[in-house]
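Everything in the sequence shown is counted per the UniProt record's numbering, starting at 1 for the first residue and increasing by one.
Any given hint might turn out to be false.
To be verified - Pairs of lysine-lysine residues, derived as DSS-like cross-links and limited to a Cα-Cα distance of at most 30 Å, are as follows:
1) K10 to K133
2) K133 to K35
3) K155 to K49
4) K126 to K98
5) K98 to K36
6) K35 to K12
7) K100 to K126
8) K49 to K31
9) K126 to K12
10) K31 to K155
11) K23 to K155
12) K157 to K49
13) K35 to K126
14) K35 to K23
15) K12 to K49
16) K12 to K98
Hint data in this document are derived by calculation from the structure and do not stem from the laboratory. The structure presented is a predicted model; accordingly, all values stated were derived computationally and were not measured.
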Amino acid sequence: MDHIRMLVSKGKYVGMVLLDLQKEFDTVDHKVLCKKLEGMGIDFTEWFKSYLGGRQQVVVANETTSEPGIVNCGVPQGSILGPLLFLCYVNDMPISVKCKLLLYADDSALIVSGSDPQAITSLLSKELESCRKWLMDNKLSLHLGMTESILFGPKKKLNKVKSFE
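Kindly produce the complete structure, drawing on both the sequences and the hints.
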């Protein structure tokens, strides 16, 4: 927020798209994750394969339990390693865009600044498409209904902006 506050104090607009990933912890691809861990020089790839592989889950509804099903993707939620493994998975996401991309746990935001809200909208749209492509390549997806955009700027200037989407 300090970065945004500083830009606004200089009379700039700052556009932000808050990205919401769909079932992010449940859709982490184990093979892609292990490849990324190897690329980071993490030597425990076989251990991680063992940790992630062979997991099962059941569904309980109306006091009836389903047969166990094999879990082929995802990181264990509620575990200590789950969030860390997810961060390793998305660690290279910022190189997919040219603008500032903030990552915090499972939240991320694209940020673009400038003096023209329409130019910011256009650039954010391009960056969002680049980000969407990275997500598809990494077997993740955006929850478009929960992805939001916001425009920051000096109060007097913001009153003149007709729309920002």
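**Report entry** Violated hints, by number in ascending order, as checked against the structure
**Finding:** 1, 3, 6, 10, 11, 12 and 15
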